[in-house]
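A.B. asks: Sequences are here, hints too, so could you generate the full structure?
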Amino acid sequence: DAGVIQSPRHEVTEMGQEVTLRCKPISGHDYLFWYRQTMMRGLELLIYFNNNVPIDDSGMPEDRFSAKMPNASFSTLKIQPSEPRDSAVYFCASSNHVPGTGNQPQHFGDGTRLSIL
Amino acid sequence: QQQVKQSPQSLIVQKGGISIINCAYENTAFDYFPWYQQFPGKGPALLIAIRPDVSEKKEGRFTISFNKSAKQFSLHIMDSQPGDSATYFCAAKLSGGYNKLIFGAGTRLAVHP
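Residue numbers (our numbering), protein chains in the order written: chain Y, 1 to 117; chain W, 1001 to 1113.
When the alpha-carbon atoms are kept at most 30 Å apart in a straight line, the in silico DSS-like pairs for lysine-lysine are as follows:
(1) 1093/W <-> 1071/W
(2) 1042/W <-> 78/Y
(3) 1042/W <-> 68/Y
(4) 1068/W <-> 1057/W
(5) 1100/W <-> 78/Y
(6) 68/Y <-> 1093/W
(7) 78/Y <-> 1093/W
(8) 24/Y <-> 68/Y
(9) 1100/W <-> 68/Y
(10) 1100/W <-> 24/Y
(11) 1100/W <-> 1057/W
(12) 1058/W <-> 1093/W
(13) 1005/W <-> 1058/W
(14) 1093/W <-> 24/Y
(15) 1005/W <-> 1071/W
(16) 24/Y <-> 1042/W
(17) 24/Y <-> 78/Y
Pulled from the structure, derived: some chain W residues nowhere near chain Y, Cβ distances all over 12 Å:
(18) 1008
(19) 1011
(20) 1012
(21) 1014
(22) 1015
(23) 1016
(24) 1026
(25) 1028
(26) 1058
(27) 1063
(28) 1071
(29) 1074
(30) 1082
(31) 1083
These are calculated hints, taken from the structure and not from any lab test.
Just so you know, these numbers come straight off a predicted model, no measurement behind them.
Note that beta-carbon positions come from the ideal geometry of N, C-alpha and C, so glycine has one too.
C.D. replies: Rendered as structure tokens:
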């Protein structure tokens, strides 16, 4: 089975440009999470969705960040305008919840390494 | 109250030794405690997990010890191998509702041959 697929793997762009990160969750998973990882702040949850609906976006750092999930197989995280401090590795993860089967793990993609110059 | 505090930040162990990573939490509403392993250039992957009604869980060389009264849990890696060199994250999930995890800051483990 294919895991969580993220694209691009690497992105280098100049400050002020719009950046769009993409994620395809595992088929059948109903939760999708966006994380940001930096040396200073570790692994931060930005936003997560359940059945394509945003549940908690309290981790989104600023209004420059937005995320959408138009359908069960695709999500985007957009930064506009981008700034050098947005440089980080961004991870997407998905999981499913099956009543009566207990907690299900989050499966992570391999991330997008974003560098804003 | 939703924090998970992880220590040490980094750890060096000789091959064959025991690696121990500790985590502590405050919120008693956490009901699931997974550990994730991350290799460079990869996303974190679930290693082992425990529920608070169990004091210990073992999978191969990896063991979670859970102390509910002290609100602490730890990962023990027995017979540590160079291939175990990675970053390890503990995490906790609030009971009920959604599958949101609170992650610790991570421990970078290096196992020297």
